[in-house]
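Novice: Using the hints provided, position chain E relative to the given structure of chain R.
Number of protein chains: 2
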Amino acid sequence: MSNEIMLERVESIMKSLLDEVEYDEVTRLFNTLSGGKRLRAKLIFKIANTHEDAPLLSAIVELIHAASLLHDDVIDDATIRRGVASVNATEDSKTAIMLGDILYSKGFSSLVAFDKDIAQCIADSVTALSKGEMMDVVMSESFNDDADLYLEMLYFKTATLIEAAAKSAAILEGKDASSYALYGKNLGLSFQIIDDILDIVSDTATLGKPALHDYVEGKCTLPYIYLYQDLNEQEKQKLKSLHKKELSSQESLWIKEKMNEHKSIERSFALAQELSNDAIAVVDDADLKVIIETMMKRSF
Amino acid sequence: MSNEIMLERVESIMKSLLDEVEYDEVTRLFNTLSGGKRLRAKLIFKIANTHEDAPLLSAIVELIHAASLLHDDVIDDATIRRGVASVNATEDSKTAIMLGDILYSKGFSSLVAFDKDIAQCIADSVTALSKGEMMDVVMSESFNDDADLYLEMLYFKTATLIEAAAKSAAILEGKDASSYALYGKNLGLSFQIIDDILDIVSDTATLGKPALHDYVEGKCTLPYIYLYQDLNEQEKQKLKSLHKKELSSQESLWIKEKMNEHKSIERSFALAQELSNDAIAVVDDADLKVIIETMMKRSF
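Going down the list, the protein sequences come from chains R and E. Mapped onto this note's numbering, the consecutive letters of the first sequence carry residue numbers 26 to 325. Mapped onto this note's numbering, the consecutive letters of the second sequence carry residue numbers 26 to 325.
Careful, some of the hints might be misleading.
Because identical chains cannot be distinguished in the list, a pair is counted as satisfied if it fits within a single copy or across any two copies.
Straight line, CA to CA, 25 angstroms or less: simulated SDA-like cross-link-like pairs of lysine to any residue [claimed, not checked]: (1) K119 to S167; (2) K119 to A103; (3) K269 to D173; (4) K141 to D78; (5) K200 to H76; (6) K141 to E47.
Just so you know, these hints were derived from the structure itself, not from any lab. Bear in mind the structure is a predicted one, so any value in this text is a computation, not a measurement.
So that you can see chain R by itself, here it is in the shape it has in the complex (with noise of 0.2 angstroms):
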């Protein structure tokens, strides 16, 4: 099946799941979404591409992480997703909390026809991605240095859905799934990486938001942990002085010349280049393979 038709099998099974919900609003709603790139679908589909149960596998590892980016959105007061205004931007943050909890919870529903060890495995990644997403708002109310904490809360956050559509795929192909599951687990891990340097490298028209976004959000990503290791004790308190403000461009400027300073960027590209080839070391796929380099190319 080429790329193009399985993502539309997928968007029509979607589509009948919420419509069994029977309920025209959902349908409404659920509409107005932006389907993203469906890498979770797209990753189900290259491991266990013979298997009749991959797309509907799919469409509820898909619905599941729109429900988790409905929720995301109204905890974060994001209003755009996907170059599109959010459902919370839209309509409002109580609309964005019904639908996804109807996301979820169809989700879950339809993971009952599946063999226990794979609906575990999905239901297990959406408790820790729950608890995820309030290590990163807990996380993001002081400074924090500790780059094992934080790639753990992205472990939780972004990489346990990916690692388990990776895994589920795997055990219902009967491939070996601690392999995959590893390999999606560090696709996660990388891809968040990627995100959080883009948000200081491109520019704010590529970004369609101000560069250094994350910072002034809370969000201490792998560069500001890094550059935190490597500054003096003065330029320390500058950096912690900084966190959570609305930078002028001079303090921004600062932060960007002391990242080239001490490569805080390239270090983080260069652990998400160690996690993309580990998880290609452990796969012998060619399609696997293409998927963590795109990712990884998006960036520079």
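Specialist: Same frame as chain R, now just chain E:
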């Protein structure tokens, strides 16, 4: 097992399930919640009292119920829940959304251990209750005089999880699932109708909120729908004009007097009584009879 020991067991399982999330912040927040009556847990214990999985099933259903209340309070801007400040009031809306997501997903992932028919029954009811919440919000935007539509919304929003609790407990214990499902559904519907009546007939001190609060919030509950049917054209317009508005004491009095005149409360109570009678008729169980009778009596 006595009621007290049973409920302590359920509380302790709920805490253990949340401890598995391994995030102290979740445990801390969960401990601030008031447990409430645990109606659903009591119901499961009454129906499946000899089954070893009854405590776990009860804990899961109560986690899901607690999650739905957390999100309800955000959606309704409610600052009081069971006599104590709601999480969206003491912390913030974001925290209530995130904690709700964690309780929902932990509930779902624990459900996977059960047979598919039980997991499906509970999971489907969560989709229904999310749909009911959205119907409630959408219907509150304009005056509704359709009693069937109102009862359909009540079914989804309030009765469906109670129905699922009773039905899944019956499946667990090998009792007749459809009878217990009907009992649960009717218990849920009468419960909510009584709640709606109390919002009108109780005094402010007992309610902890102004009387007629529902109507001010836009909720056209059964007594208003019945009253509307019995008013003349001019009075119909007056009632409609007061919908979703702050009411003067004169306006409140007019509504109450008209309800007295047309016996709108009595008609609503009669429907709750009829639903309760039907519930008792299908299950030959003294304990379940007591549960529904106690619930009906809390009003007057």
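Novice: For which of the previously enumerated hints does the structure constitute a violation, in increasing order of number?
Specialist: none
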